[in-house]
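Produce the complete structure using the sequences and hints provided.
One-letter residues, chain by chain:
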Amino acid sequence: MGLTATLQGFAEKCNQHERLRVMNRDWTRNVRVLAEDVGQDYWIRSVAGELSAGEGELSEDADMEIRADQRVLEAVFSGEMTPTEPYNQGDLMVRGNQDDLFRLDVITLMIWGE
Amino acid sequence: MAGRGLTKVLPLRTAVSTSAGLASAAINFLAVVDVAVNVGGRSAWLAIMVAGVLILMAASNFSELNGLFPSAASIRVWARRGLNDQVSLVASLVYATTVVFVIAADGFVLGHVFHAAVGGVPGILWVVLILAATAAINLRGIKIAGVVQDSNAFFLLGTLVLISLIAIWRGPQLDIGPLFHFGSHWFEGVALGVFIFVGFEWVSPLAEEFHDARAIPRGMYIALGLIAIAFGLFALALTDIVPHPSQLATSLIPQLIVGRTALGALGFWWMALITLTTAMTTFNGGLVTASRFVYALARERSLPSAWARLNARLVPSSALLGLATVALGLCVLVYVTGEYEVLINAGAGVESLMYALTSVLVFSLRRREPHRKRPFHAFWYPVVPGFVALIFLGLAVGALTTPVGTGNTPWALVFVGGLTVAATIYVVFGLPKKRRQEVLARSAKTVSADPP
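Going down the list, the protein sequences come from chains U and D. Counting along the first sequence from 1, when you hit position 39 you're at 39 in the numbering used here, and nothing is skipped either side. Take the position in the second sequence, starting the count at 1, then add 114; the result is the number in the numbering used here.
Watch out, some of these pointers could steer you wrong.
EDC-like cross-link-like pairs, simulated, lysine to aspartate or glutamate; straight-line CA separation at most 20 Å [to be verified]:
1) U:Lys13 with U:Glu55
2) U:Lys13 with U:Asp100
3) D:Lys547 with D:Asp199
4) D:Lys487 with U:Asp91
5) U:Lys13 with U:Asp105
6) D:Lys548 with D:Asp199
7) U:Lys13 with U:Glu50
8) U:Lys13 with U:Asp26
9) D:Lys487 with U:Glu80
10) D:Lys548 with U:Glu85
11) D:Lys487 with U:Glu74
12) D:Lys547 with U:Glu85
13) D:Lys487 with D:Asp326
14) U:Lys13 with U:Asp91
15) D:Lys487 with U:Asp69
16) U:Lys13 with U:Glu74
17) D:Lys487 with U:Glu36
Just so you know, the hints here were simulated from the structure itself, not pulled from any lab data.
This is how it looks when you write it as structure tokens:
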């Protein structure tokens, strides 16, 4: 499965999760996801907690930027590993507000557990 | 047109205020007295300036590492990439506990200042109240804590400059000669002066909130300059008012003395307020940084998962309350025993070891990842990083082996040594066992969930 499908699957899981939808209803953000090894841009967009994702560049400025190799991004957004593991190894780099970083971490925690 | 920028990035001002605020602890006022006692009086300001230059060299290591890996996990990532996972974890655990030492030591000073100002209320009660208030603010989210942090540093440094200048102007005529007098313990004075600046690097975990990778180095350098000016002037004022600083060696309220000389009762209360805001900055900054650090370690399963709980406002509440409780316990302990210097020396020792470690990491990462982009390079590699390693290793040994209290026991070394041994045992023996048990539990769960 490619990263686009993984990200879209991630967005769908979020949208189906009742508690996450309530929790994220005040969360409207544009997230740029960059697969550094292949130089390919992806995006995740949250509009009042409704997530969508796709391939290509964002049409507006990002609130958050996530960079890693494609296999790491696939592992994180498919629930194979927690974001904290590659993050603490320096394999996943994030730019943006720490609250948003926590929010993404909580989303993965609520979807896939510890 | 496609967007490439980032919204909501932090301004350079925040890098400066965070760095300056975290370095400006209430115990710094006592450190200035110690510097003055060692240098023999009025050249304390010069010792602080020289110490500032040494710290600037250490800051250049942090700048390079921050540029390489701008991560909130800072030393955890750098040491993992530059050395290995186990060393990184031990160093991270010991480093995180330093925050608790500094909070407890600052609480001790705060309690004594407020006991001196408001005699009827026990000092420890102030500490409990303020620590509890800071923890409560933090539990409500990082935004309020950030506002407190942002405004406090400039208020503190601005006040120090103003009050010190007035005290110098109102004090006895300043004689230029002694300002450049080098006493017999001048270098010990410089070594002590270094500890006025420690904590400046705690701005590193904010690295990913700045769009420009150069904001953190610039912020740190400006902050170090401001601290040097503010505390240098404070040292000048203090040694002008009290030419024989050994008279103040046991005082816990030198800042109140300077305040009273400058502006009478107004100056006294102003400096009491400054002590309060300084301690709040330390409590606040320490809890914000350390709680998120503990959370990150718990999320990677290096610490018990209970520490990874977040409240509804996305604050790592278990880690925050746990750290605040430990800090309060330590503070009560030093309040009862009066041995606050153990914590100061322990904190100073660990910080110095970390500065030496950053040099090792600069060397190691230049070898291991030579082609990775470095927006900032350490000054005059390899000379300055090598010098920083030697100087700060020496300072760490000095801080940790200095006997404190009655007898000749270096309690800071005992304390930090005990912590390091405990962390090492946990990382080498306890953690692999914990991880094995978790894997087994997960496999059992998967098997029982599989359909027959």
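query: Given the hinted pair Lys487 of chain D and Asp326 of chain D, is their alpha-carbon gap at most 20 Å?
result: 14 Å, holds
task: Take a quick look at whether Lys487 of chain D and Asp91 of chain U sit within 20 Å of each other, Cα to Cα.
output: Roughly 14 Å separates the two Cα atoms, so the pair holds.
- prompt: Is the straight-line distance between the alpha-carbon of Lys13 of chain U and that of Asp100 of chain U 20 Å or less?
  reply: 18 Å, holds
- request: Take the C-alpha atoms of Lys13 of chain U and Glu55 of chain U, compute the straight-line distance between them, and say whether it is at most 20 Å.
  value: Measuring from Cα to Cα gives roughly 18 Å; hence the hint holds.
message: Hinted pair, alpha-carbon criterion (20 Å max): Lys487 of chain D, Glu36 of chain U. Please report holds or violated.
response: 13 Å, holds
message: Please verify whether Lys547 of chain D and Glu85 of chain U have alpha carbons no more than 20 Å apart.
response: Holds, because 18 Å separates the two Cα atoms, which is no more than 20 Å.
- request: Quickly compare the C-alpha distance for Lys13 of chain U and Glu74 of chain U to 20 Å and report which way the hint goes.
  value: 15 Å, holds
message: For Lys13 of chain U and Asp91 of chain U, compute the direct alpha-carbon distance and say whether it is at most 20 Å.
response: Status violated; Cα separation ~25 Å.
- prompt: For the pair supplied as a hint, Lys13 of chain U and Asp26 of chain U, is the alpha-carbon distance within the 20 Å limit?
  reply: The hint holds at about 18 Å.
- prompt: If you draw a straight line from the CA of Lys548 of chain D to the CA of Asp199 of chain D, is it 20 Å or shorter?
  reply: 16 Å, holds
query: If you draw a straight line from the CA of Lys13 of chain U to the CA of Glu50 of chain U, is it 20 Å or shorter?
result: 11 Å, holds
- request: Mind checking the alpha carbons of Lys487 of chain D and Asp69 of chain U for me, to see if they're no more than 20 Å apart?
  value: Distance ~16 Å between Lys487 of chain D and Asp69 of chain U Cα, so the pair holds.
Of the numbered hints listed earlier, those contradicted by the structure are 9, 11 and 14.
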